[in-house]
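Participant: Listed here are the chains, written in short residue letters.
There are 2 protein chains.
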Amino acid sequence: MAAAQIDGVETALAEKLEGVSLDEVKRILYGRPYKSLEFSAEATKLAQDGDFQLAGYIVDAQKEQTRAPRLVRVAAIQNRIHRPTTDSVVEQRDAIHQRVAAMIEAAAAAGANVVGLQEAWTMPFAFCTRERLPWTEFAESVYTGPTTQFCPNLLDEEKDDVIWNTAVVISHTGRVIGRSRKNHIPRVGDFNESTYYMESTLGHPVFETKYGRIGINICYGRHHPQNWMMYALNGAEIIFNPSATVGALSEPLWGIEARNAAIANHVFTVGINRVGTEVFPNEFTSGNGQPAHKDFGHFYGSSYIAAPDGSRTPSLSRVREGVLVAELDLNLCRQCKDAWGFRMTNRLDMYAQKLTEVSNPDYRPDIRREQ
Amino acid sequence: MAAAQIDGVETALAEKLEGVSLDEVKRILYGRPYKSLEFSAEATKLAQDGDFQLAGYIVDAQKEQTRAPRLVRVAAIQNRIHRPTTDSVVEQRDAIHQRVAAMIEAAAAAGANVVGLQEAWTMPFAFCTRERLPWTEFAESVYTGPTTQFCPNLLDEEKDDVIWNTAVVISHTGRVIGRSRKNHIPRVGDFNESTYYMESTLGHPVFETKYGRIGINICYGRHHPQNWMMYALNGAEIIFNPSATVGALSEPLWGIEARNAAIANHVFTVGINRVGTEVFPNEFTSGNGQPAHKDFGHFYGSSYIAAPDGSRTPSLSRVREGVLVAELDLNLCRQCKDAWGFRMTNRLDMYAQKLTEVSNPDYRPDIRREQ
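Sequence order for the protein chains is L and V.
Okay, so the first sequence: first residue is 2 according to our numbering, each after it adds one.
Okay, so the second sequence: first residue is 2 according to our numbering, each after it adds one.
Worth double-checking, as some hints may not be accurate.
In this list, chains with the same sequence are indistinguishable; a pair is considered to hold if it fits within one copy or across any two.
[What the hints assert, rightly or not] Taking lysine to aspartate or glutamate pairs in the DMTMM-like style, the calculated list, with each CA pair at most 20 Å apart, reads:
1. LYS211 to GLU371
2. LYS46 to GLU132
3. LYS46 to GLU106
4. LYS295 to GLU132
5. LYS211 to ASP367
Hints are computed from structural coordinates only; laboratory data are not their basis.
Just so we're clear, the structure is a prediction, and the values are computed from it rather than from any experiment.
Extracted from the complex, chain L is given alone in its bound form (with noise of 0.2 Å):
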């Protein structure tokens, strides 16, 4: 018969954990407990001496007798800004390029083989401003531009001098495979972007590296489960969410978004969020009534890798900048997928016809009435 089940997390956490089982208070929180990975010294004296968060888990899945094992070790570089608002726009870049180059030094240590970084992490989240210079210099050209000598994933500007916010994907031989954008604009709080670049008209593009195939929903996107599925359904066996969000507006959907996602999919998911709080040199209000100020408030970090069989890692720190690695067994994303068969049962053809329908301006939505 059953073991002797506890009343619930609600209760556990009510009574402070005493006389339950921790165990089983985190497998219902985050899933199957995940070992620790086994830094190198090296790893972790950079931690170290770099005074940042190293943390990491193994992700393993079942052995397969005509598949190896595809092990890959997962990074997300969770970094604040490093320089004030009011340095020049070289130096607040050169500073974080200079920080994020020691982060990425001990995500390598400690054996990455693909490090995920955030949402224009370049520069501070300038767009609860509403301003235009400086911040705007901090685009660059995705094939030029100074981050892209250095890694992936910035604010493009296209010869035309069109902004995007745009992934770019490097390979391990140093050369850029593509950019993916965002596609799906905020229109929320202080984030002002749809007036600073439009939606991306790339699709879903995928990645196939060395090291899996990889999708990247930048940010908002992860408020729409159907951006995260047209990622999976091009074959993406890890989508990356690198994010720019803030305490108030969104911690209690964070660990909830990405993690639905990867259930959903059968896919991995890496959610990155800044860390730290970002003080602008002038007020702006942020359309809630309350008086103008110069911050956007806590980039809460907790960047988190969750798992297709809905285990996560728990997350990075709150308030420390941090350095997330996990060894995932990608073949955990075909077993998830031959064990609840979401692919077979997602009736994509019915979808396909019901959104179309929908998105006829002349659509009448399937409502019943008592007659």
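Once you have looked at the hints, place chain V on chain L.
Facilitator: Same frame as chain L, but now just chain V:
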């Protein structure tokens, strides 16, 4: 500047919530706090006498000038079976009817306007057995069966003797408004339902009641974000998810999926799961290499209601029967729609086109490789 931040949920749990704010942990896990509903002495006594849990919360919204608050009390009823599965079909069903009648009485005494029940709540969840008789005898006619005389959600035996998994929506006037059938049938674990009944061909009907517009996403449909979305696009404000699911399979997913749907679609969602362990007369195997056994595992209850702002109620117990009552201000749906605007940013026409393309057997995934 931002208030002092705790380090994270994981830290808090690890330290057993000592020295950190329980309120802050709850906010991160579950969103803004709700006030508790005060129950009448009658409701409290009914729950005490009946030995089931009674919990209630107030999910309020901002005051508006031109709309009064649209307060609706929604009840979710989580029950177990009340006779051994070796008793006759009629005895088993009558015992559950009697029990659920007492629970509905308590919900009514707590002021509930809308009551939601579990999936296939009139019967043990016998699909694990893969046997037909006597379990298929629990199927009833939607319009004339003994349970519709009593209340909604049952297996639905049409006049041509095909069985469907159907929820019936009954108006406060006592008349049947209509029915909703399960759109996505499991092909996982012991949920051998795909050999008992078919996928619905009724689409995603929404039922306009005196107490709001209601959609019903039955059980496995919660794994499919498109299913939730279509009910919302048809105007649902409250989407019920009558379920029957067991701990080893789905428990870490349970708190994620209905809540993600509430967030993504600006609606309330009500996840209702049965509770207890059901033992069957004949042994069966579970396709997992384990020995034959006679029970499906523990149905973990944990029914909860999620709000469009990402907050949620605590769960009902994992082990006891219970009635969860929440006073919802339905104005919150449009307020969240106004604030987040996912209906503006969802790019439905793009996904209609993409899903149409993907549904074509000749579709080639958009995979980019290093040149």
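Participant: Run every hint past the structure and note whether it holds.
Facilitator: For each hint, the structure was consulted:
Proximity of LYS211 and GLU371 under a CA criterion of 20 Å is satisfied inter-copy only: 10 Å between copies versus 58 Å inside one chain copy. Taking the shortest Cα distances, LYS46 and GLU132 never come within 20 Å of each other, neither inside one copy (41 Å) nor across copies (61 Å). In this assembly of identical chains, the alpha carbons of LYS46 and GLU106 lie at most 20 Å apart only when taken from the same copy (11 Å versus 64 Å across copies). Taking the shortest Cα distances, LYS295 and GLU132 sit within 20 Å of each other inside one copy (13 Å), while across copies they are farther apart (67 Å).
When the C-alpha separation of LYS211 and ASP367 is checked against a cutoff of 20 Å, the pair qualifies only between copies, where the shortest distance is 17 Å, while the shortest distance within a copy is 47 Å.
The earlier numbered hint that this structure contradicts is number 2, and it is the only one.
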